[in-house]
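Residue numbers (our numbering), protein chains in the order written: chain H, 1 to 286; chain X, 287 to 533.
It should be emphasised that the hints constitute simulated quantities derived from the structure, not laboratory data. The C-beta atom is built at its ideal place from N, Cα and C for all residues, glycine as well. Honestly, I wouldn't trust all of these hints.
Derived contacts from chain X toward chain H, CB cut-off under 7 Å, selection only [said to hold, decoys possible]:
| id | residue |
| --- | --- |
| 1 | Q433 |
| 2 | I435 |
| 3 | Q441 |
| 4 | T501 |
| 5 | S502 |
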Amino acid sequence: MTVMIDLKNVSYRYPVSDDFVLKNVSFSIEKGKFTAIIGNNGSGKTTLCNTIRGFVPHFYKGDLEGDVIVDQTKILDYQLGQLGEKVGYVFQNPFIQVSGVKDNVFEEVAYGLENLGVPVEEIIVRVEEILKLVKIEHLREKNPFELSGGQRQRVALASIIVMDPEILVIDEPTSQLDPVGTEQIFDIIRLMKERGKTIILVEHKMDLIAEYADDLLVMHEGELVMQGPVREVFANPEFEKYQIQYPHVTEIALQLQKMGTPLAFLPIRDEELAEALNMTGVKIHD
Amino acid sequence: MKQNILLQLHPLTKFYFSLFILVIVLIIPGYSFAFAIFPVLVLIAVFAGVSKEFLSIVLKALLSVLIIVFIMQMFFYPGDHVLWNWGIFSIKQEGVDYGLLLTSRILAIGSSFILFFRMTEVRDFVKSLEDKGLPPMGAYVVLSTLQIIPEMKRQANTIMEAQKTRGVETEGSLLIRAKAFIPTLTPLILSSIAGTEERAITLESRAFSAPVKKTSLHQLTKSNVDRVLPIVYVLIIVGLLVWRFFL
């Protein structure tokens, strides 16, 4: 497997700040993997995303130590404009993620492709496809400024994935969405993974991470404290220390274990609970 | 809706028309010609179906300026032919003439540009400038301003509501409302400044600075009329110049 993103001893401090927001972070992500970054507020998740996208150090100055390597090339050797095609970044605040020059959603989604110089006929085909995929076809004539938070979040995601970047960095894409909308977004992310994209996702909804993600990076106060396959990280007793939520089913299982119920393994998905309790044969009664 | 021939002209053709009016008004002496331009512009506005907005903006924006300019010139332009006298104020023939000349030109030029902006969508105009070589950065600034102003208005309302819930009085006499203005304005300006950084990142994540030539879904078409009209303008201007200075 080729390594897509490689960070070596990366530390970063925002300008005029005394404290490092990222402290000696090292990890590598293989091509085609879906990696989730979790951690409490202020633990450096978003800064980490900015670093992978190249906004650190190209846009935010400050001190960056260590090496950030994206697709075999150091981030410093890229121009910011070149990275746009390679790394798609959907960021947190959906309300500001509007270009501000387009009158309707269709053109808004097309904006990135226009900037990339894609021929008009191809733009129309690609935008149509993405609108269908993200299920926002009904919004196509609406003004992007008049959408609700959840709608904007979908438009923001559509605007990025339409550009077809190899790497997707997605920072809390579902914060404004209801459970159904959230599931849909995760379905799209899974589809992107099936298309071979490398995906980095910041998210607080552990149930969904457990279901979809391959690997987990746990951030705590600027340090990367744990990393590895999702199941291993959740099963590691160290995880409890960082006061991050478990998937609900894991929480329940741990509680049961504490009360003396033996577990075959630690379940992280809902459907695994019965199996973990060795009760696969037992029927559930209403 | 978009079947109007005048509205369908290329934005630059319309823009050149305004420039054309500006030039001929300056070339041709006397105020009667410049005043005669205005009814022509009104006629064009009627044909383009924008006469209502056109007239209301001319009234609001130009009328007061014209009156003030005319009165100032009438009283204070130096001259010998005093028409009317009251204390230190006197109206002179030269002042009236010059006032009429000035106001006629302001009216013709001002209303021709007002008409231009009534007949042209700004995004079309900016697009045409972009085709002519305006950098995308400049085009973005113009277009985003248009969209951001209503957005800021909305935000101002939100902040106003928020301040109301905190007990800031926002209704009542003029003084109270003026007082409420400051706690509304500060967060609005600050948040707008803070928003620019995120907006820059948004643009960047849409590959705004990608080192390639941009394409555009929005295309402007040029008809034969659009090719001929600018030449006609130039010919008329050259003709007028020749007539004015050589004959």
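Here is how each hint holds up against the structure:
The restraint placing Q433(X) at the interface with chain H holds, with a minimum CB-CB distance near 5 Å, inside the 7 Å limit. The beta carbon of I435(X) is not positioned within 7 Å of any beta carbon in chain H (closest approach about 11 Å), and the interface hint is therefore violated. With 7 Å as the threshold, the beta carbon of Q441(X) stays out of range of chain H, its nearest partner Cβ sitting at about 10 Å, so the hint is violated. A cut of 7 Å between beta carbons decides the hint on T501(X): the least distance to chain H is about 5 Å, and the hint holds.
A cut of 7 Å between beta carbons decides the hint on S502(X): the least distance to chain H is about 6 Å, and the hint holds.
Figure legend: structure checked against the earlier numbered hints; hints not met, in rising order: 2, 3.
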